[in-house]
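Sequence order for the protein chains is C and E. Basically the numbering used here = 1-based index in the first sequence + 54. Basically the numbering used here = 1-based index in the second sequence + 227.
Keep in mind that a hint or two might mislead.
[Unchecked claim] The calculated lysine to any residue pairs, modelled on SDA-like cross-linking and capped at a C-alpha distance of 25 angstroms, are:
| hint | chain 1 | residue 1 | chain 2 | residue 2 |
| --- | --- | --- | --- | --- |
| 1 | E | Lys236 | C | Ser136 |
| 2 | E | Lys241 | E | Arg304 |
| 3 | C | Lys119 | E | Arg326 |
| 4 | C | Lys63 | E | Glu286 |
Read the hints as simulated data drawn from the structure, not as lab findings.
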Amino acid sequence: AQRVTQPEKLLSVFKGAPVELKCNYSYSGSPELFWYVQYSRQRLQLLLRHISRESIKGFTADLNKGETSFHLKKPFAQEEDSAMYYCALGAYNTDKLIFGTGTRLQVFP
Amino acid sequence: NAGVTQTPKFQVLKTGQSMTLQCAQDMNHNSMYWYRQDPGMGLRLIYYSASEGTTDKGEVPNGYNVSRLNKREFSLRLESAAPSQTSVYFCASSDDSGRFQFFGPGTRLTVL
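For reference, chain E alone in the conformation it holds in the complex (with noise of 0.2 angstroms):
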């Protein structure tokens, strides 16, 4: 088992351009999240998504979209990349709980 999965790794892209980050997990997990590191600030919540079909705003969503796609998949776009969105993007899934969360590697992103 893969566990939960990201991509890309690594993305460097010019103020105003859009991506999407990947992430998918193999574990049968409802609850999917997309959190944000930055130093000194911790772990930030973006966007989550309790089971297939839902999402629902973090504490930090201004700036991203989210997809559900199926029940292993969960995209975060960036529409118009800021300087601010520089940052470290972590997926994460969960049992029904959100207790016991299951993290990717992470994509570093910077936004020149």
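Bound-form chain C, shown alone (with noise of 0.2 angstroms):
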């Protein structure tokens, strides 16, 4: 079955403390994953990509294959970083996405 599982509901850091958002994913394929954003009182937006590496606003994550992992990191937290962060599945020959739970961070100053 696929499956995105984000395990915290809610983290709570202080600025300029590193970060870690947590996603694990079950796709017996290859999978493509993705993180989206939701800042307060906007839309969800798409945050990074595993395929393209790139790293946005501080954050990258890799894609663990053997863990099947793509948590989310950047090394020193923000208070503009403070949302709701989904990590998303793209299935194989598909056109939909599979969204976990979504993790709120919220960044303290």
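Could you use the hints to bring the two separately framed chains together as a complex?
Set out below in structure tokens:
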């Protein structure tokens, strides 16, 4: 079964601390993984995708097929990073995404 | 370009009432989606449409109907609203891959 698990509903850190938002997936083929973000009073938007191996707003995420994980990391959190983060899985030969339950990141000053 | 627009932004219904949520996109996308967002449940797909004239059920279709009126518009109808349908509803559109989805601002629906 195709599934995305985000084990943490809420993650609270202080400004400047490292952040890691966990995402694990279940999929038998070659997955495409994404992180979407929803800032307060804004619409959901794509943050980054594993295939591009890019860093956006200081965030990176590496696909680990052995551990079936795609954790989102940032070495030094900023207050403006406070948002809801969703990990999503794109399955082969389908135009749908499977979203996790989301993790709310709170960054305190 | 407005991207993806949704109306209304807020709605309160009584149990048993019906209503239609409207969604439109101006990005010439073929694929469109309706999700609901609930605390602790994340985003769940209600219905989607891969192209004009086609619709398919998602994870939680019961109690909803959809219409892909044309390439731009994709509406979601609640025929007889129930309190369990209290949620925030998001419409999205995408290129043919379905990977890069653009979301609307959402509709906050409360069913009393």
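_Enumerated hints in conflict with the structure, sorted upward_ = No numbers; nothing is violated.
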